[in-house]
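> Sequence:
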Amino acid sequence: MGHWPRQPSQVGSILTQRRLSFGDQILDSAFGGGLLTGSINELFGPASAGKTQLALQLSLQVQMPFSMGGLDGGAMYISTDKNFPSVRLLELSSFSKAHPIVSNKGPDIALDRVFVLRVGDLETLHHLIIYQLEQHMIQNNVRLVVIDSIANSMRSDTESDPIDSCERNQCMAEALIVLKRLATQLQAVVLCINQVSWKPAIKHITSRSEVIKGREHTMTSSNDIQELLGRACDLQPTMFNVISIYMNTSFFLDRDPPAYTPLNNISALRHMFVMYSPELLSGTVCKLRIHKCGVVGEK
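Going by full-length UniProt numbering, the final residue of the sequence shown carries number 299, and the count climbs one at a time with no gaps.
Warning: the hint list may mix true and false statements.
To be verified - Once the Cα atoms are required to be at most 27 Å apart in a straight line, the calculated DSS-like pairs of lysine-lysine come out as:
1. K180 - K82
2. K82 - K299
3. K287 - K299
By construction, these hints were calculated from the structure, which means they are not laboratory data.
Hey, can you work out the whole structure from these sequences and the hints?
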């Protein structure tokens with residue numbers, strides 16, 4: 001693992017919050033210009049919504065200079081899944097080669113600055129964050145930490161001992177506290193990918209995926225957006241009671257049901273919502289699609 005040549009920000013110096021661009025002007029315009037340094041952000045949604053796609057895009061965008069919406073640093077991608085999408089990351093990086101900062105430094109520089117660590121359980125994740133992550137970040141000037149997905153490491157049998165559950169919750173809380181400290185001190189961004197579950201009060205109600213009516217080109221009225229937001233409000237991030245208190249901003253990402261997905265090789269339409277944020281208006285929404293070149297917003 002090569003070391004990033006630049007010096008990291010010094011703890012104790014005057015820190016200026018910057019924003020990490022999403023790598024797309026429309027998304028940036030909708031969501032305040034990007035993710036703030038010093039923050040922990042949650043991106044949750046159902047499978048195949050595009051959460052990992054956006055995380056990969058941010059892992060490349062963070063390498064760009066400040067003037068181009070990056071943080072002039074590397075990315076630490078902590079994967080709790082057995083299969084990290086390295087092929088997709090390579091595909092995305094190939095589109096980045098046209099960018100001067102990448103093309104002038106060699107064909108694989110973008111991949112060299114994405115440090116992938118695989119963890120299989122909460123204990124390993126906890127140890128990594130508590131004892132090792134800070135040194136990794138300092139040595140490699142890591143300015144983005146992605147955990148994909150944060151709840152996956154906490155999976156357990158439903159009949160597990162309640163004491164074990166309390167211990168898991170405590171481990172996760174300790175890890176998130178350290179992540180917040182590192183994000184603040186090292187002027188970094190933390191992105192936690194999360195899955196979804198039905199809220200307890202409505203978990204037995206028929207899925208509301210049918211509330212998305214009509215073809216996608218008709219889904220532009222305020223009523224349609226309210227229906228989409230209603231679906232988002234029926235769901236919650238996995239381990240919500242444990243994780244949510246530590247998140248600065250929470251985004252929900254969803255995609256159209258298969259019945260409304262076009263058959264002409266156009267990516268399914270997605271919607272990304274702000275669920276809560278200290279600086280963004282809750283309910284703010286942006287349409288997007290996933291193309292070979294990455295995640296692209298739509299007006």
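> Confirm or reject each hint.
Evaluated hints:
Simply put, K180 and K82 have alpha-carbon atoms about 26 Å apart, close enough for the 27 Å limit, and the pair holds. For the proposed pair K82 and K299, the alpha carbon gap of about 36 Å is over 27 Å, so the pair is violated. Simply put, K287 and K299 have alpha-carbon atoms about 7 Å apart, close enough for the 27 Å limit, and the pair holds.
Figure legend: structure checked against the earlier numbered hints; the only hint not met is number 2.
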